[in-house]
Structures are given as structure tokens and as C-alpha cells.
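Participant: Following the hints, position chain C against chain X.
The listed protein sequences correspond, in order, to chains X and C.
When we follow this note's numbering, the leftmost residue of the first sequence carries the number 55, and every step to the right adds one.
When we follow this note's numbering, the leftmost residue of the second sequence carries the number 9, and every step to the right adds one.
These are computed hints drawn from the structure, not numbers from a lab.
Any given hint could be a false lead.
What the hints assert, rightly or not - So the derived list for chain X, only partly shown, Cβ under 7 Å to chain C, looks like this:
no., residue
1, 70
2, 115
3, 121
Glycine included, every Cβ here is placed at the ideal spot set by N, Cα and C.
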Amino acid sequence: MSVEETIREFVASELSWPGAAAALSDDLPLIPSGAVDSLGLVQLVSFVESAYGIRIGLEEVVPRNFGTIAAIARFVERRRTGSELP
Amino acid sequence: MTGSPLGRARAQAEAVAHKRGPFGAAVWLAGRAASRLYRCERHLLIVQPLEPRGEPLPPPEGIEHRRIGECAPEAVLAFSRRHRFPRRSLRPVRYALERYDGLAAVRDGRVVAAYWWAGAAAPHPDLALHGLELEEGDAYGFWLFVADEERPRRTAAAFLDAVTQEAHAQGFRRLFGFVLESNLPARWFFSLAGYGSLGCVPVRFVLGLAAFAPTGLFVRRTGRGGGPPFGYRPLLNYRPSP
Numbered sequence: 055m056s057v058e059e060t061i062r063e064f065v066a067s068e069l070s071w072p073g074a075a076a077a078l079s080d081d082l083p084l085i086p087s088g089a090v091d092s093l094g095l096v097q098l099v100s101f102v103e104s105a106y107g108i109r110i111g112l113e114e115v116v117p118r119n120f121g122t123i124a125a126i127a128r129f130v131e132r133r134r135t136g137s138e139l140p
Numbered sequence: 009m010t011g012s013p014l015g016r017a018r019a020q021a022e023a024v025a026h027k028r029g030p031f032g033a034a035v036w037l038a039g040r041a042a043s044r045l046y047r048c049e050r051h052l053l054i055v056q057p058l059e060p061r062g063e064p065l066p067p068p069e070g071i072e073h074r075r076i077g078e079c080a081p082e083a084v085l086a087f088s089r090r091h092r093f094p095r096r097s098l099r100p101v102r103y104a105l106e107r108y109d110g111l112a113a114v115r116d117g118r119v120v121a122a123y124w125w126a127g128a129a130a131p132h133p134d135l136a137l138h139g140l141e142l143e144e145g146d147a148y149g150f151w152l153f154v155a156d157e158e159r160p161r162r163t164a165a166a167f168l169d170a171v172t173q174e175a176h177a178q179g180f181r182r183l184f185g186f187v188l189e190s191n192l193p194a195r196w197f198f199s200l201a202g203y204g205s206l207g208c209v210p211v212r213f214v215l216g217l218a219a220f221a222p223t224g225l226f227v228r229r230t231g232r233g234g235g236p237p238f239g240y241r242p243l244l245n246y247r248p249s250p
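This is chain X alone, in the form it adopts within the complex (with noise of 0.2 Å):
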């Protein structure tokens, strides 16, 4: 399973996004359209850590890193293959 799958299936099971997991699109903003809201953010945060096995800094959550599920499948693939260290 992709990461854009796999965070795409966590924040439509786990943080009761009402509608079907297909409709949270990569490029959806997650705040703004209501997906996640501040406690869901630091649910996803935990998730995505302990998911790929990485730590993420406190200023790291960030739109560029978290602002879509397209935004964090990049920032997964930058801290695996050790382009960007936290």
C-alpha cells in the first residue's frame, strides 16, 4: 500500500472523516476542508511516526510537510531516502 493509501485510510477510519476514503483526494487541504481537525493532527502526526518509523520535529508540521496527504507522502519519501533530516 502506497503512503498516500495508507494515510488516506487512516484519516478516513480513525479520525471519523464522514465521507468515503476516496473522496479525500492527494491534494485535498486537510484543515480547511474539516478532514482533520488540532487533536486529529496530532493523532495523524503520532501515526505517521510510529507508521514509517521516523521522528518528526515540533516546527516539521508545517503545509509543506502536512498540509495534504500528497504534502506528507513527499516528506515520508524525503526523510526515508535521507534527503531532508529532522
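Facilitator: Positioned in the frame of chain X, the structure of chain C alone reads:
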């Protein structure tokens, strides 16, 4: 639970003692007492440019967005008393007297979310504390709260979107505010919602009567001599840019 401050403190202490034991309750009580004497907070100043957006997010079923001035005063007071100011339940009335505006989310006649803002014409006392000077088209937002029971219903996102739309419709172009630096969920949330950070202002509160910040020395307002009867009044105000 009794409504008196002493009664509430006693009930809380009993709840902590039940959970953590007598020693835990003693430590908790000591911590509370100490925080009344001295407390240091780091206020992270944030700002969002208010730009025209597309279609507003529809509110969840049963929710209606209203300007606070159009809500029943008793509903606003009840919300305030339930979630923020049990001992100062007239605070919304004071806000209204200061000509602050705001938006509320209402479900079945009950206010379940609220957000206030003040423009340059009706400045908020926090501005001096934070070294902010509003210009024409700027607003300072404060006391955003969404009731816990609304969380699974996704009321917050549509409410914040409505706030942005309403403030923009009123002619505001930037919305300032602050979050506690230690409040990670709120910091992350505002960052992803499009708010930029202006920097941190450390504020030291002493005995609940005085506040020291890099912006100056402040004393608690009483309402005597003009100005709102809440927040802090500058004694010495350096007002550096944040």
C-alpha cells in the same frame, strides 16, 4: 458541583486525590497555588491574510452561524460560563460594550462555538501586551472555542471558514491572534490553516495583578479611569515590533 470558587477547587482536589492519591493531590494543589503567584506564558503571535475564498464550507447539519450580536444574550453567557469564565460570566457583555464583534455557531438555540474579534476602532487590551498596532483593515481575534461535543461533528472547520468569510465581508484583510507556544495542537492547526507566525512574546504574570513582557510593564485593569475592565493596562510600554 457547587458554583463557588472554593467549592470548585475542593471538588477538583477530591477528583485528583481519587486519581493520584493524597500525595498527588497535595502536589497538584501546591502547583495550582504557585501558578496563582507566578506564571510564565509564551504567546506565539499569528496572522492570517483574509482573502476571498471559493464557496464557503457548509456547516454541519443543525448548525447555524450567526454574528454574536444576533444571538440570544443568555445563550452567549451560558456558553461563556460553561467553557471559560465561570466566575466572570458577564465577560461577553463587556465585550459587547467594547463594540467587539464575533461569530457563533448555534445548535438548537445553544451556542456551541464562538470567536470574537476587535478592529482598530475598538482595540483590545492584549494588543499593547503583544506589541501589536492594528492598522485599517486589521482585526485581532481572541477566545476561539468549540465545544468538545462538536468535535466528531466537524463543526470547527466550517466555523473557522465562516469566521474568515465574515471578517473579510466586514472589510478586514488581516486577522491577528495568539496561541500559547506550549499548545502544540493549536499551533499546528493554525499553521496548517494558513496562519503565519510573527514570533513569541514571553509574558510573566505575578499574583494575577501585574504582567511583565518585553513590550513593557502592565497592571490588571479594573475599569476605573476608562478602558475595558479586563486585560492589562500598560504602566511602561516599550511597544517594540514583534
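Participant: Against each hint, give a clear statement of whether it holds in the structure.
Facilitator: Hints and how they fare:
A distance limit of 7 Å between C-beta atoms decides the matter here; for residue 70 of chain X the minimum to chain C is near 5 Å, and the interface restraint holds. Against a cut-off of 7 Å between C-beta atoms, the interface hint on residue 115 of chain X holds, since the closest Cβ of chain C lies about 4 Å away. The beta carbon of residue 121 of chain X comes within 6 Å of a beta carbon in chain C, closer than 7 Å, and the hint placing it at the interface holds.
When the structure is compared with the earlier hints, no violation turns up for any of them.
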